[in-house]
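Peer 1: The numbering of the sequence shown is this note's numbering, which starts it at 23 and goes up by one.
Think of the hints as simulated: they come from the structure by calculation, not from any bench. Be a bit skeptical, because a hint or two may be false.
Cβ-Cβ distance ranges computed for the label pairs, FRET-style [said to hold, decoys possible]:
1. S71 - Q230: 43 to 53 Å
2. Q230 - S142: 39 to 49 Å
3. G119 - Q33: 39 to 49 Å
In silico PhoX-like cross-links for lysine-lysine, where the CA-CA straight-line distance does not exceed 25 Å [stated by the list, open to error]:
4. K166 - K241
5. K112 - K101
6. K240 - K101
7. K244 - K112
8. K236 - K101
9. K112 - K236
10. K232 - K101
11. K166 - K232
12. K244 - K101
13. K232 - K244
14. K101 - K241
15. K241 - K112
16. K112 - K240
Glycine included, each C-beta is placed from N, C-alpha and C at the ideal position.
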Amino acid sequence: MAKFLIDVDRQSIDRAIISLIEHSAPRFDFFVLVGLSVLMATLGILADSVTVIIGSMLIAPLLYPVLSLSMGIIMADGKLIVRSLITISKSLLLGIGLAALVTVFLGSTGDPYNRVFLNSIEPSILYLMVAVVSGIAGSISFLKPQFNEHLTGVAISVALIPPVAAIGVGIAEFNFAVARAASLQFIINIIGIIFASMVIFSMLNFYQEKTVAKAAVKKEEKEVEKSKNAK
Numbered sequence: 023m024a025k026f027l028i029d030v031d032r033q034s035i036d037r038a039i040i041s042l043i044e045h046s047a048p049r050f051d052f053f054v055l056v057g058l059s060v061l062m063a064t065l066g067i068l069a070d071s072v073t074v075i076i077g078s079m080l081i082a083p084l085l086y087p088v089l090s091l092s093m094g095i096i097m098a099d100g101k102l103i104v105r106s107l108i109t110i111s112k113s114l115l116l117g118i119g120l121a122a123l124v125t126v127f128l129g130s131t132g133d134p135y136n137r138v139f140l141n142s143i144e145p146s147i148l149y150l151m152v153a154v155v156s157g158i159a160g161s162i163s164f165l166k167p168q169f170n171e172h173l174t175g176v177a178i179s180v181a182l183i184p185p186v187a188a189i190g191v192g193i194a195e196f197n198f199a200v201a202r203a204a205s206l207q208f209i210i211n212i213i214g215i216i217f218a219s220m221v222i223f224s225m226l227n228f229y230q231e232k233t234v235a236k237a238a239v240k241k242e243e244k245e246v247e248k249s250k251n252a253k
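Whole structure, please, built from the sequences with the hints as guidance.
Peer 2: Structure below.
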């Protein structure tokens, strides 16, 4: 792995850091995409359509703040860590609430205890390994521009949005076994991605670019504040 990444220069790393911070900024459009992806995933769960559930992952931006959190930990940047955690927490609250709301209005069309996707959620060490591999792939995709087109595949393989939707569906239908299983699945995915991306970021000495990250965060904060004042 180190040999594969050895040709990544500092300029490429700086670009990756700035891009990651930009994509994980808690902007209005970020949460719109989260809402749309969760909405699609919820409809896919209620309709028992795997195709729709997969489609929801194509527009999900939740991988970005998770990688940003990993970067903040490696850099020991408290501000970046808090920023990433807030973005992830807000996304979870929005996603779970939206999924529960949609389920309350549309969930009565099917048997709540006979949904294929919900019944297939069984957290295990295998899913943790999938998350680890996805975290490595996602990190490399950011660092290597020629691999950026593979980010969509990474988002699908790690499946962050469907568990969030499943939590909301489980809560709305009082199926707390499903809600617990989906919560555990989400946690496993998050842990796997963070661990894997931290390894990659450590190998490339991301902590040396803390100044670049701080400047990018400051710039994004100004942009977010400007967009708020414009409304």
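Peer 1: Please work out if K236 and K101 have their alpha carbons no farther apart than 25 Å.
Peer 2: 8 Å, holds
Peer 1: Using the beta carbons of G119 and Q33, state whether their distance is inside 39 to 49 Å or not.
Peer 2: 41 Å, holds
Peer 1: Checking one constraint from the list: CA of K112 to CA of K101, max 25 Å. Satisfied?
Peer 2: OK: K112 and K101 at ~16 Å, within 25 Å.
Peer 1: Has the given pair, K232 with K244, been kept, meaning a C-alpha gap of at most 25 Å?
Peer 2: The given pair, whose Cα atoms are some 19 Å apart, holds under the 25 Å limit.
Peer 1: Hinted pair, alpha-carbon criterion (25 Å max): K232, K101. Please report holds or violated.
Peer 2: It holds: about 11 Å lies between the C-alpha atoms, which stays within 25 Å.
Peer 1: Would you mind confirming whether the straight-line C-alpha gap from K101 to K241 stays at or under 25 Å?
Peer 2: This hinted pair holds, its Cα atoms lying about 13 Å apart.
Peer 1: Please test the hint of 39 to 49 Å on the beta carbon pair from Q230 and S142.
Peer 2: 43 Å, holds
Peer 1: Regarding the pair K112 and K240, is the alpha-carbon distance no greater than 25 Å?
Peer 2: Holds. K112 to K240 sits at ~20 Å (cutoff 25 Å).
Peer 1: Next pair to validate is K244 with K101; report whether the Cα-Cα distance is within 25 Å.
Peer 2: With a Cα-Cα distance of about 15 Å, the restraint between K244 and K101 holds, given a limit of 25 Å.
Peer 1: Is K166 close enough to K232, meaning Cα to Cα at most 25 Å?
Peer 2: Between K166 and K232 the Cα gap is close to 20 Å, so the pair holds against 25 Å.
Peer 1: Assuming the hint says 43 to 53 Å, is it satisfied by the Cβ distance from S71 to Q230 or not?
Peer 2: Since S71 and Q230 have Cβ atoms about 46 Å apart, the given range 43 to 53 Å holds.
Peer 1: Regarding the pair K240 and K101, is the alpha-carbon distance no greater than 25 Å?
Peer 2: 10 Å, holds
No hint from the list above goes unmet by this structure.
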